[in-house]
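> Kindly produce the complete structure, drawing on both the sequences and the hints.
2 protein chains.
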Amino acid sequence: MWTYKTSVHWIEGKTGVLRSEHKPDVPVGTPSEFGGPKEGYWSPEDLVAASVGSCIMTSALFFIDRAGIELQSYESSANAVMEKTPSGLAITGVTVEVAVTLKKPEQEAALREAMNQAEKSCPVSALLKCPVELSVAVK
Amino acid sequence: MWTYKTSVHWIEGKTGVLRSEHKPDVPVGTPSEFGGPKEGYWSPEDLVAASVGSCIMTSALFFIDRAGIELQSYESSANAVMEKTPSGLAITGVTVEVAVTLKKPEQEAALREAMNQAEKSCPVSALLKCPVELSVAVK
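If you read the protein sequences in the order shown, they are chains A and B.
In this text, residue positions in the first sequence follow my numbering: the first is 286, and each later residue adds one.
In this text, residue positions in the second sequence follow my numbering: the first is 286, and each later residue adds one.
It is worth saying that the hints were derived from the structure and are not from the lab.
We treat Cβ as the ideally placed atom computed from N, Cα and C, and that holds for glycine.
Please note that a few of the clues may not be correct.
What the hints assert, rightly or not - Restricting the straight-line Cα-Cα distance to at most 27 Å, the calculated cross-link-like pairs of lysine-lysine (DSSO-like) are:
1) A:405 to B:389
2) A:323 to B:414
3) B:290 to A:290
4) A:414 to B:414
5) B:323 to A:308
6) A:414 to B:369
7) A:290 to B:308
8) A:405 to B:369
9) B:389 to A:290
10) A:290 to B:405
11) B:414 to A:405
12) B:323 to A:323
Stated by the list, open to error - Over the 10 Å line for every Cβ pair with chain B, so calculated as not near, a few chain A residues:
13) 355
14) 398
15) 424
Below you can see the structure in the form of C-alpha cells.
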C-alpha cells in the first residue's frame with residue numbers, strides 16, 4: 286500500500302497553492318469561467334486531465350522500457366471536458382492524444398502493444414467514471 | 286461545455302513535464318517506488334490527490350463566498366492510497382482533511398453547511414470510483 290500526500294493552502298480570493306514534500310509548489314485556482322483568475326493557476330479540472338495524461342505516460346514508459354523500445358520523443362495532450370448536467374457540473378470525458386517518435390521504426394508494433402498495455406493498466410484512467418479515449422500516432 | 290487542455294512531454298528516463306497554457310510547468314514522473322526519481326517530481330497519483338483537494342477547496346470557496354463567510358485561513362491535506370489488487374494497481378481511496386479558521390466564530394454553522402455543499406458538488410470527487418472521505422475542523 287502506498288500513500289500519496291499533498292496539501293492545498295488558500296491564499297486569497299479563488300486561489301491557493303498545492304504542495305507535496307520535495308516537489309515544487311503549484312498555484313491552483315477556480316477556473317476563470319467560474320470566477321477564478323484569468324491566468325497562471327492550475328484548476329482542479331486541469332489537474333484531472335494532467336493526472337490521466339501523465340499516468341498514461343508513466344505506464345507507457347514502464348512497458349516501453351520492458352520491451353526494449355527506444356524513444357526519440359513522447360508528446361501528448363490530455364483534455365478534460367466538463368458539462369452542465371441535471372445533477373450539476375460533471376466531467377464527462379477525457380481524451381489523450383499521444384505522438385511518439387521512435388529511434389528504430391521497426392519497433393512500431395511493439396510500441397503499439399506497449400501503449401495498449403499502458404491503457405489497460407493506468408490506475409488513474411481506471412479510477413474515473415467517465416470514458417478515457419486514447420489515440421496514438423507513431424512517427 | 287468547457288475543455289481543460291493540458292499536455293505532457295517526456296524528458297528522459299521516467300520523467301517529463303506537464304504544461305497548460307499560461308500556467309507554470311510542472312515536473313512529473315513515475316513514483317519513486319516504481320522506478321521514478323526520488324524527489325522533485327509530481328506523480329500521477331499525487332495529481333489525483335491534488336485534484337480532489339483543490340476541487341473541494343474551490344467548491345468550498347464558492348459556497349463560502351455566497352454565504353458571506355469570512356475566512357482567516359483554509360488549509361487541507363489530500364492523500365490518495367494505491368494498493369495491489371487482483372486486477373492490478375488501483376487507487377482505492379482519497380482522504381481530505383480541511384482545517385478552517387474563521388474571522389467570526391459565530392459563522393461556524395454556516396461554514397459547515399458550505400463544506401457540505403462543496404462535498405456534494407465537487408465534480409472531481411463525483412468522477413472517482415473510489416470513496417472520498419472529507420473531514421472538517423473549524424478553529
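> Please flag the earlier hints that this structure goes against, numbers listed from lowest up.
Result: hints 1, 2, 9, 12 break, sorted rising.
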